[in-house]
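Read off the chains here:
Number of protein chains: 2
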Amino acid sequence: MEFFDLKPVEEARSIFLTAAGKRRMPVEHVPLTAAVGRVTAAPVQAKSDLPGFARSTVDGFAVRAADTFGASEGLPAYLRLQGEILMGHAPMVPLRPGEAWKISTGGALPEGADAVVMVEHTEFLAEDEVGIRRPVSPGDNVVQRGEDCPAGGELLPAGQLIRAQEAAFLQSAGVLTVPVFRRPRVAIISTGDELVEPEVEPAPGQIRESNAAALAALVRRDGGEPRYLGLARDQEEDIRQRLQQGMQDDVVLISGGSSVGARDLTARLISELGAPGILVHGVKLRPGKPTILAVAGDVPVVGLPGHPVSAQVTYGLFVTPLLRQLQGLPPEPPFRPTVRARMTKNVASAPGRTDCVRVRLIRDGAEVLAEPVHGRSGLISTLVKADGLLIIPSAKEGVLAGEMVEVELLV
Amino acid sequence: MEFFDLKPVEEARSIFLTAAGKRRMPVEHVPLTAAVGRVTAAPVQAKSDLPGFARSTVDGFAVRAADTFGASEGLPAYLRLQGEILMGHAPMVPLRPGEAWKISTGGALPEGADAVVMVEHTEFLAEDEVGIRRPVSPGDNVVQRGEDCPAGGELLPAGQLIRAQEAAFLQSAGVLTVPVFRRPRVAIISTGDELVEPEVEPAPGQIRESNAAALAALVRRDGGEPRYLGLARDQEEDIRQRLQQGMQDDVVLISGGSSVGARDLTARLISELGAPGILVHGVKLRPGKPTILAVAGDVPVVGLPGHPVSAQVTYGLFVTPLLRQLQGLPPEPPFRPTVRARMTKNVASAPGRTDCVRVRLIRDGAEVLAEPVHGRSGLISTLVKADGLLIIPSAKEGVLAGEMVEVELLV
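Heads up: the sequence lines are chains A and B, in that order. With this note's numbering, the residue at position 278 of the first sequence is 278, and numbering never jumps. Plus 411 on top of the position in the second sequence (first one is 1) and you've got this note's numbering.
There may be inaccurate statements among the hints.
Said to hold, decoys possible - From the derived model, a few chain B residues whose C-beta atoms are all more than 10 angstroms from chain A:
(1) GLU422
(2) VAL438
(3) MET498
(4) GLY509
(5) ALA579
(6) GLU610
(7) GLN656
(8) ILE689
(9) LEU690
(10) ALA707
(11) GLY717
(12) GLN723
(13) ILE802
(14) GLY809
(15) VAL816
Unchecked claim - Which residues of chain B face chain A? A partial, calculated answer using Cβ under 7 angstroms:
(16) GLY499
(17) GLY517
(18) ALA624
(19) TYR639
(20) PRO719
These aren't lab readings, by the way, just hints derived from the structure by calculation. Glycine included, each C-beta is placed from N, C-alpha and C at the ideal position.
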């Protein structure tokens, strides 16, 4: 299995996400505050009209539109002022022809009124009279009862990401508990005989484990719950035991195993976890070639390269879409915001291979320049210096200096 | 103070952020896991070289580069194989001229070795001999000791947002506690006689409070800690008491006060909180004109419009930059990712006024279309339907159908 059949990124991802299949996280009902950033697992309906009554959108006078037809600056329509509608109260008396009620933004229209004239277009003549200097049409300056959502209507469909506005919308409808997909629990395992836990002072030849910190941050960003299962030595029993522990969770990420022997061992132990097993071993990707994509039972298992840059790039290409899919979102966001920038240097890419180039962004007048950050994928500092990633897809052979490119910010 | 002097958005923001001044949140030391998404309050130094020894970046053979000069496929350089360097161990014996050690990715180079030959460029002849078929230069396939960061070097400067890679970088250096700016505590007050708390069934003329849910979500997104202080009636004592309670926090947001009288009351009570007081009352912005920007003592106070769409737009233009500034970031991100889209319709904008247009994005072949979402700013559903905002700055008079625009996704 050692890179006999390197797959293009797009094909590898499609095979993996298809095998991960239709599985979605179980549904849980959470308070609205905790639902932000989560995805609805079922449609959410309005129990009553939203708003529950016709409301004014301006300060002015509630009227029957017909009473204002023909009104002008020179010849205002004079209406009998009946009083003021208090905020938060339903008007008790219906509005009759020839009458007006003073109303504030958000106030409830009295029965019989069908429009509001803005205060700027009126003249206040006497206690009990108002002059209308511009005609209004029925519905002008009014939010109709049920206009935000009618009773029984769908506030949100299933599969909707809950942003600030969805939270406000649900709260306005009194929906204070929301059915959402549970956060995927993601087991994180690091392997490598050269690694020590971060609180340990490394002896010569050793380095501190660091991929788990990055992966945990990325899993949280993507809506998952990271569970660090600790360091495994490059030994069969140690890795097997942690992989089996990880199978209790929804996804398993195992990074490292730097030496060829360790990589082979990890691959063999992943394939022993169950069918369908390893789907992709090796991707036409730089950095990130030695990636393993597997599914055991219904648990996706990803073997990430040990190099920190490779691990993060690979995570973004394969794990982010997986976590989106498990939470009921399309694996790829339909619209991907980018920064348009001009490349400062040529970057070569072999045909058929996807290259992920770390770039620093530099403002240059009205333009933004994208400068490749050089350095090996073993150096985390190169990712710290990078503002974003330029992804050169497999169909494209490199990028030329001066070319405009779309850079995805690293967040 | 009722809109005598509407200010352009850019000027209003600059006045406000300048008055909010050089104040930063106090520094706190948090565990690395909790530091992701926060900003360093001081530079962070490396205590020792990172990595602590020269490491191989490939699987192969550690050599003296000089011993490989002139080697070729036809005439390999033959070196005495001394053994294998075990992962996680420092080589005990230095490498002497004419010698090679088998080494894995991440392995420590023995003293005397200055390069690694990839295994693909070697031939394994006998137990104790290896043939080198390509020359290497000193440093090839090696990460030098201290190359990621030398001892005493700066891992991160002050004011650096901690992303996944910064977390990994700090962890690799054994920095497990990080000095960051405390999260700004943001008091949220809603006012309006027509509002009821969301768990209450509204009577005719009443609606449920909903801005607080959106604002709390946005404050969390921006790194702050929301504190909802509850609903105030449009009455002097009720609003004053909540504003004074809010002054215990780092920022106060008060939204609503729909009627003219209530708006005037809120403005007066804000101005009574202390000098310098109200700096901007009314902005050339649609939606969001009746915005109040104030500073009392060193507490910024923002009066947001009651309309949900206006409140969220205004929040993004004035509160997001404020929270960034308080946390030690530049108020505006240097690079703002957007989706390039083609407008489907003309949108007019008065000169001098900033327009924030809700748009839905639609994929159309290789292009993305941006379609304005119609509807009043009192309707939250219009924001739910919107994928992003198109900001038409004050210098620009509208956008034409067919024009390419940069849309900021609403997240």
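Cross-check of the supplied hints:
| no. | hint | verdict |
| --- | --- | --- |
| 1 | GLU422 | holds (21 angstroms) |
| 2 | VAL438 | holds (21 angstroms) |
| 3 | MET498 | violated (4 angstroms) |
| 4 | GLY509 | holds (24 angstroms) |
| 5 | ALA579 | violated (4 angstroms) |
| 6 | GLU610 | violated (6 angstroms) |
| 7 | GLN656 | holds (20 angstroms) |
| 8 | ILE689 | holds (21 angstroms) |
| 9 | LEU690 | holds (24 angstroms) |
| 10 | ALA707 | holds (26 angstroms) |
| 11 | GLY717 | violated (7 angstroms) |
| 12 | GLN723 | violated (6 angstroms) |
| 13 | ILE802 | holds (14 angstroms) |
| 14 | GLY809 | holds (21 angstroms) |
| 15 | VAL816 | holds (13 angstroms) |
| 16 | GLY499 | holds (4 angstroms) |
| 17 | GLY517 | holds (4 angstroms) |
| 18 | ALA624 | holds (4 angstroms) |
| 19 | TYR639 | violated (10 angstroms) |
| 20 | PRO719 | holds (6 angstroms) |
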